[in-house]
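Q: Read top to bottom, the protein sequences are chains A and B.
The numbering of the first sequence is this note's numbering, which starts it at 1 and goes up by one.
The numbering of the second sequence is this note's numbering, which starts it at 1 and goes up by one.
Bear in mind the hints are in silico, worked out from the structure with no lab data behind them.
Careful, some of the hints might be misleading.
Using 30 Å as the maximum straight-line C-alpha spacing, the simulated DSSO-like pairs for lysine-lysine come out as follows [claimed, not checked]:
hint: 1; chain 1: B; residue 1: Lys27; chain 2: A; residue 2: Lys74
hint: 2; chain 1: A; residue 1: Lys27; chain 2: B; residue 2: Lys157
hint: 3; chain 1: B; residue 1: Lys59; chain 2: B; residue 2: Lys74
None of these values were measured; they are calculated from a predicted model.
Protein chains: 2
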Amino acid sequence: MPSISQKGQRMPASPIRKLVPFAEAAKARGTQVLHLNIGQPDIPTPQVALDAIRHIDLKVVEYSHSAGMESYRKGLAGYYRAHGIQVGPEQIIITNGGSEALLFGMMACFDPGDELIVPEPFYANYNSFALSAGITVVPVRSGIDTGFALPPIAEFKKLITPRTKGILICNPGNPTGYLYSRAELETLRDIVRDHDLFLFSDEVYREFCYDGAEHVSAMTLAGIERNVVLVDSVSKRYSMCGARVGAFVTRNAELLATVMKFAQARLSPPTFGQIASEAALRTPASYFEEVIAEYRQRRDTLVNGLNTIPGVVCPLPKGAFYCVAELPIDDADTFCQWLLESFAHNGHTVMMAPASGFYAEPGPGRKQVRLAYVLERHKLELAVECLRLALEQYPGVVRTELAHSVHGR
Amino acid sequence: MPSISQKGQRMPASPIRKLVPFAEAAKARGTQVLHLNIGQPDIPTPQVALDAIRHIDLKVVEYSHSAGMESYRKGLAGYYRAHGIQVGPEQIIITNGGSEALLFGMMACFDPGDELIVPEPFYANYNSFALSAGITVVPVRSGIDTGFALPPIAEFKKLITPRTKGILICNPGNPTGYLYSRAELETLRDIVRDHDLFLFSDEVYREFCYDGAEHVSAMTLAGIERNVVLVDSVSKRYSMCGARVGAFVTRNAELLATVMKFAQARLSPPTFGQIASEAALRTPASYFEEVIAEYRQRRDTLVNGLNTIPGVVCPLPKGAFYCVAELPIDDADTFCQWLLESFAHNGHTVMMAPASGFYAEPGPGRKQVRLAYVLERHKLELAVECLRLALEQYPGVVRTELAHSVHGR
Chain A
1 MPSISQKGQR MPASPIRKLV PFAEAAKARG TQVLHLNIGQ PDIPTPQVAL DAIRHIDLKV
61 VEYSHSAGME SYRKGLAGYY RAHGIQVGPE QIIITNGGSE ALLFGMMACF DPGDELIVPE
121 PFYANYNSFA LSAGITVVPV RSGIDTGFAL PPIAEFKKLI TPRTKGILIC NPGNPTGYLY
181 SRAELETLRD IVRDHDLFLF SDEVYREFCY DGAEHVSAMT LAGIERNVVL VDSVSKRYSM
241 CGARVGAFVT RNAELLATVM KFAQARLSPP TFGQIASEAA LRTPASYFEE VIAEYRQRRD
301 TLVNGLNTIP GVVCPLPKGA FYCVAELPID DADTFCQWLL ESFAHNGHTV MMAPASGFYA
361 EPGPGRKQVR LAYVLERHKL ELAVECLRLA LEQYPGVVRT ELAHSVHGR
Chain B
1 MPSISQKGQR MPASPIRKLV PFAEAAKARG TQVLHLNIGQ PDIPTPQVAL DAIRHIDLKV
61 VEYSHSAGME SYRKGLAGYY RAHGIQVGPE QIIITNGGSE ALLFGMMACF DPGDELIVPE
121 PFYANYNSFA LSAGITVVPV RSGIDTGFAL PPIAEFKKLI TPRTKGILIC NPGNPTGYLY
181 SRAELETLRD IVRDHDLFLF SDEVYREFCY DGAEHVSAMT LAGIERNVVL VDSVSKRYSM
241 CGARVGAFVT RNAELLATVM KFAQARLSPP TFGQIASEAA LRTPASYFEE VIAEYRQRRD
301 TLVNGLNTIP GVVCPLPKGA FYCVAELPID DADTFCQWLL ESFAHNGHTV MMAPASGFYA
361 EPGPGRKQVR LAYVLERHKL ELAVECLRLA LEQYPGVVRT ELAHSVHGR
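The whole structure should be built from the sequences, with the hints applied where relevant.
A: Take a look at the structure:
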């Protein structure tokens, strides 16, 4: 049998999926598993998008244009303008989710061995796309003690080498929920401009900002117009993850022409998903108001609840629908598995994503977990109660200095 | 501005799309363009698939399983069994079209610098996926004089080096329409077994076989079960190119596990397309009987028509819905552009794909074009008439020896 590739061997398995067999076993035992481990929202998809699918009037489900349906790209450019991002439809290439936009962008911008600086913890699949493109992820650490703020500019500068070709941010961030301020983005802008780097900005959680905080797009940064790549997706915005519709957006014409060659090779993005996405542009503002109010309440329920548990530290995120908590434990992978294998409270347990998979090396996230607040509030309250009890029973509990100091405030 | 990647610079532009601006200009002048250049069928999508979409009953359009919906994979395994291919649902990973199956397979099997032997002319995008994965396509020439039959085994053996890791075939073939016989596939099986190679078999045109010819799947070749990768798609089978649903199928468990890591990184294939594809499995046999009868008649209309034009040679394909013709001209790229820029017959002209893009190097296909017979017969008759007149007027007409010898028979 021929051997599989080295790339295939090095490709990381999903840090979230590896616990799935234990969750299945728990369910088989009759335990209800509260899923805080994945970013699959329970919010209904807008009716206007579902209606467009139900009233579809095609005789032949044809390929769309490789860059996406023109009518959708025009509509999407209007959406961006309404959000202060000035781009035309010709600066947008519709992709199979944000995932494909990331992969195409990395393939088009970076050669094998090129270095991409990414604030960590970061979305685990950035590692996978970088590995697919043969590029090296260079993490710059953001710490839980600063609520996962952008690391100081000096930390970036230390990491820049002749092979550094780009910086990738997620704003607001998965897994931390951190929302970059304009001042932080201007700091990034200076580094990008001074070292002539690409800046990839994954803004798929744009709508989900809380407490009146403003989202600042990297596309609005003056002076680096041809350096910035916007990665976008309808998945979270319209609770429509299965549509598989994203976008690659840039004002760099040469880069657009290059990404178009990759887009042409795979023929087209999905026609049904684009029809739903175009209709979703007509989602009423009241939908977002309700959804954001709901997520904010969920965030408060979860994060405030977590911070009442002795030894637990969880910064309050300003965006997205995730948080990263540090727990008074030896090892989060072990703890998350133990929750599924050995714990139940009134027939319930909690599934979380160990944070190790969100770091370039597993060490720094060893005591951390990512929680997605994509469940109704009463379930989040139950999850917090489960965690409080679990941390009284778990054999590997360790009191950390950080936890002591924060809870001693 | 940072430079784009070398990979991005080397990525080939679509050989078909580069003529699009000339077609648009022709249309703007009022000329009707007969599109024989692309494989977008005009055949209606099965009603059962469209109905499933219209009756969709989802509240949240969720991610599916990364390997695809279990119900669809079970149904698809049943389809394969009905076609003599014994696989279970766990041996199938649903992909974003056949394109993603090819890309994932190449990433998982081959390292940069590995060599993949491909009979040429071949589907142009194989070059693009190989370039994305950093692998080297090694063409083995099939000639128009043998109707694009599999080259002799000795030709393959000459090309095998220590870096040779696989062979890729398309059966029936795009662009040639050639259908491999069982004897030819067994020849390939011997090479694959003796040199321990992967055999990628792109069988997306499986249904489209004419004159009672049988399709033999590479999955039925004994002794190389763990070497074979089946690449599949619903695009052509159900005239549903825009669904973007394909499949990666293998009995090699290690390879499946590796491809799953790539599949998890991009989260899931499209939900709507999978719902349509699962419903399409219930397409009645009468649909295929009608479609295949229609394509066979179109093939006869086009190929027989072409062979009545002095100096034109076009083998009669047994499968798919393409043919490659050699024309008595200096250069097919120039001729195809001239047809759009400088020719019209009763307000019509023809758009074809120059074959240069279907060869690893443009030379050998210089006088050849690919024609897709995805238009109604009266339009194909008109297209043949246009070509006959165009070849009387085109300034670059050259009588070739091959054409003379064939037409002298």
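Q: Each hint: holds or not?
A: Checked hints:
{"no.": "1", "hint": "B:Lys27 / A:Lys74", "in the structure": "holds (23 Å)"}
{"no.": "2", "hint": "A:Lys27 / B:Lys157", "in the structure": "violated (55 Å)"}
{"no.": "3", "hint": "B:Lys59 / B:Lys74", "in the structure": "holds (24 Å)"}
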